[in-house]
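J.: Line by line, the protein sequences are chains A and B.
First residue of the first sequence: 1, per this note's numbering; consecutive thereafter.
First residue of the second sequence: 1, per this note's numbering; consecutive thereafter.
In short, the hints are calculated from the structure, not lab data.
Hints may be right or wrong, so weigh each one.
No more than 25 Å apart at the CA atoms, straight line, and that leaves these computed lysine-lysine pairs for DSS-like [claimed, not checked]:
1) B/LYS29 with B/LYS283
2) A/LYS145 with B/LYS29
3) A/LYS19 with A/LYS193
4) A/LYS226 with A/LYS68
5) A/LYS145 with B/LYS83
6) A/LYS234 with A/LYS193
7) B/LYS285 with A/LYS145
8) A/LYS145 with B/LYS284
9) A/LYS77 with B/LYS285
If we take Cβ atoms under 7 Å as the criterion, some of the chain B residues that face chain A in the derived model are [claimed, not checked]:
10) CYS163
11) PRO165
12) MET167
13) SER169
14) ALA170
15) ILE173
16) ASN174
Note that this is a predicted model, so its numbers are computed, not measured.
In this text, a Cβ means the ideal position worked out from N, Cα and C, and glycines have one as well.
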Amino acid sequence: MLKIENVTKIFNPGTVNEKTALDNVSLELDDGDFVTVIGSNGAGKSTLLNAVAGAFFVDSGYIYIDDKDITRLPEYKRAEFIGRVFQDPMTGTAADMWIEENLSLAMLRGQRRGLRWAIHKSDRELYRIHLAQLGLGLEDRLTTKVGLLSGGQRQALTLLMAVLKQPRLLLLDEHTAALDPKTAAKVLELSDKFISEGGLTAMMVTHNMKDAIAHGNRLIMMNEGKIILDVSGKDKSDLTVDMLIEMFAKASGREFANDSALLG
Amino acid sequence: MGLLNALPGAVAQGMIWGIMAIGVYITYKILDLADLTVDGSICTGAAVCTMLVTGGMNVWLAMLLAMLAGMAAGFVTGLLHTKMGIPAILAGILTQLMLWSVNLKIMGKANQALPASSYRVVVTQLHKTESLIILLAFCIVLIVLLYLFFGTEYGASVRATGCNPRMSSALGINVERNKIFGLMLSNGIVALAGSLLAQYSGKSDINDGRGAIVIGLAAVIIGEAVVSRISSNFIVRLSGVVLGGVIYYIIYQTVIYLGLDTDLLKMLSAVVVAIFLAVPYWKKKYFSKPARAKKGEDSLNA
Numbered sequence: 001m002l003k004i005e006n007v008t009k010i011f012n013p014g015t016v017n018e019k020t021a022l023d024n025v026s027l028e029l030d031d032g033d034f035v036t037v038i039g040s041n042g043a044g045k046s047t048l049l050n051a052v053a054g055a056f057f058v059d060s061g062y063i064y065i066d067d068k069d070i071t072r073l074p075e076y077k078r079a080e081f082i083g084r085v086f087q088d089p090m091t092g093t094a095a096d097m098w099i100e101e102n103l104s105l106a107m108l109r110g111q112r113r114g115l116r117w118a119i120h121k122s123d124r125e126l127y128r129i130h131l132a133q134l135g136l137g138l139e140d141r142l143t144t145k146v147g148l149l150s151g152g153q154r155q156a157l158t159l160l161m162a163v164l165k166q167p168r169l170l171l172l173d174e175h176t177a178a179l180d181p182k183t184a185a186k187v188l189e190l191s192d193k194f195i196s197e198g199g200l201t202a203m204m205v206t207h208n209m210k211d212a213i214a215h216g217n218r219l220i221m222m223n224e225g226k227i228i229l230d231v232s233g234k235d236k237s238d239l240t241v242d243m244l245i246e247m248f249a250k251a252s253g254r255e256f257a258n259d260s261a262l263l264g
Numbered sequence: 001m002g003l004l005n006a007l008p009g010a011v012a013q014g015m016i017w018g019i020m021a022i023g024v025y026i027t028y029k030i031l032d033l034a035d036l037t038v039d040g041s042i043c044t045g046a047a048v049c050t051m052l053v054t055g056g057m058n059v060w061l062a063m064l065l066a067m068l069a070g071m072a073a074g075f076v077t078g079l080l081h082t083k084m085g086i087p088a089i090l091a092g093i094l095t096q097l098m099l100w101s102v103n104l105k106i107m108g109k110a111n112q113a114l115p116a117s118s119y120r121v122v123v124t125q126l127h128k129t130e131s132l133i134i135l136l137a138f139c140i141v142l143i144v145l146l147y148l149f150f151g152t153e154y155g156a157s158v159r160a161t162g163c164n165p166r167m168s169s170a171l172g173i174n175v176e177r178n179k180i181f182g183l184m185l186s187n188g189i190v191a192l193a194g195s196l197l198a199q200y201s202g203k204s205d206i207n208d209g210r211g212a213i214v215i216g217l218a219a220v221i222i223g224e225a226v227v228s229r230i231s232s233n234f235i236v237r238l239s240g241v242v243l244g245g246v247i248y249y250i251i252y253q254t255v256i257y258l259g260l261d262t263d264l265l266k267m268l269s270a271v272v273v274a275i276f277l278a279v280p281y282w283k284k285k286y287f288s289k290p291a292r293a294k295k296g297e298d299s300l301n302a
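Bound-form chain A, shown alone (with noise of 0.2 Å):
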């Protein structure tokens, strides 16, 4: 479904800020794959999943959604087949318009816009529909600006709006590292949802090992540019955090620097 192929990605080549994000990357995802990605930081995890979504272009490689070779398409025209939740709440949606304006944008990714009137009647049942899964309430408050409400609520109305229109592939980008834990849990729980409702195909990062043990089907951990461990199926449930940190140390040589993928 996801094929990348011998992916580099150098940033800041020929000066002293040289970073080689990505190193000869190769993964292949097939249909209804769940793939939990970790690693420490600046190993690469959140540059690969914008390598997917083409917030720019990588020095080599390819890189293929159903066979069709996406490598070189501008970053709008892959949203046609790609649902994306950032980091930071605020990233994933529009602040000065109202949640049903958002969600009518959200509707229409990667169809051509016309001189249609953006929302109608008919829509704003749908849209309270959608919101209800949410649990929050939000399904009354559709003239509501996006501004007024809360990270995690935006953050769960970005979810909403990145599997509204079924994507080819989801990609969640430490969507939940910026919430604090209750809302955390939340916004994982309702992701687990609409992946499985939908049977989306999805790339979820985390800093989290328990998360990336206990989501997906399949784990893959990245160090230095590279995927470094690739396990699924029954490995992967039988993973505990302990064996994710020894595997670690064994193939990359070091110990796991990074505290608060232990913590939580």
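We have chain A; now place chain B onto it with these hints.
T.: Just chain B now, kept in the frame of chain A:
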């Protein structure tokens, strides 16, 4: 009473500034870009209209072409900004400088007369009341058209572009194209205001646009202050912008009437706008509560 007699004229002229300010509103408020093309494109609109009408063209057609000329100017700024990576404010300044030459070439010299006594025009200071009614109709049609447009799928995507470009890209919106389009729409409206200004005052002048962006911003700010408490409806907000232009011009006329040295008027406008722009910043910096005020602020049930 000289001041009262001057009122219809001041309101008419203020409405022309108000139409221009609607153009400024589109870039400054909707697209979140400070576009200085305005100082040049309002003069372009005036120059094109003047030359075409004095050349014998129908005034309505001349206004349409003036508008297209303004859109071309916005297109240039848009290309400089999106395709050449130049910051919007600098892109606008560059286009504005280009337009100085362009406007001189259009007019052939620094100013041209467009006497209403010799040509058929839509508005003129010779018939203030009729002009006032026509300008009011212009404003209403323009505001309704913009209201309808920004309610469409494409119009909503333009608003989203200004509000959150990263989100817009992720939702498949072509941010660069929308910015170029917004700059074209804005400068088209500004040039339309320019063509009305030339007809109303009976001339076009290379200095017509100097400080226009500041007047536009003043109108936007005054308008916002007046109507923001009434309603956040788009029609009300745009009407507020026109009203802001009218209020600005009446104040301007009053200050002249009171005998202020007219050399100081531009200084006055700039200082007033600077203060109004600073007020929201000061409010945020010195009078707001800390961002993370209470525990559980982030909670889903907030």
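J.: CA of B/LYS285 to CA of A/LYS145, is that 25 Å or under?
T.: holds (23 Å)
J.: CA of A/LYS77 to CA of B/LYS285, is that 25 Å or under?
T.: violated (40 Å)
J.: Given B/ALA170 as an interface hint, is the shortest Cβ-Cβ distance to chain A below 7 Å?
T.: Holds: closest Cβ of chain A sits about 5 Å from B/ALA170, inside 7 Å.
J.: Verify the proposed pairing of B/LYS29 with B/LYS283, using a straight-line Cα cut of 25 Å.
T.: Judged against 25 Å, a Cα distance of about 19 Å means the pair holds.
J.: Within 25 Å, alpha carbon to alpha carbon, are A/LYS145 and B/LYS284?
T.: holds (20 Å)
J.: Hinted pair, alpha-carbon criterion (25 Å max): A/LYS234, A/LYS193. Please report holds or violated.
T.: The hint holds at about 21 Å.
J.: Mind checking the CB of B/SER169 against every CB in chain A and telling me if the closest is under 7 Å?
T.: holds (5 Å)
J.: Between A/LYS145 and B/LYS29, does the CA-CA distance stay at or below 25 Å?
T.: holds (16 Å)
J.: Mind checking the CB of B/ASN174 against every CB in chain A and telling me if the closest is under 7 Å?
T.: With Cβ-Cβ at 5 Å, under 7 Å, it holds.
J.: Can B/MET167 be said to touch chain A, with a Cβ gap under 7 Å?
T.: Cβ of B/MET167 sits 6 Å from chain A, so the hint holds.
J.: Is A/LYS145 within 25 Å of B/LYS83, Cα to Cα?
T.: violated (32 Å)
J.: For the pair supplied as a hint, A/LYS226 and A/LYS68, is the alpha-carbon distance within the 25 Å limit?
T.: Distance ~24 Å between A/LYS226 and A/LYS68 Cα, so the pair holds.
Of the hints listed earlier, those the structure fails to meet are numbers 3, 5, 9, 11, in rising order.
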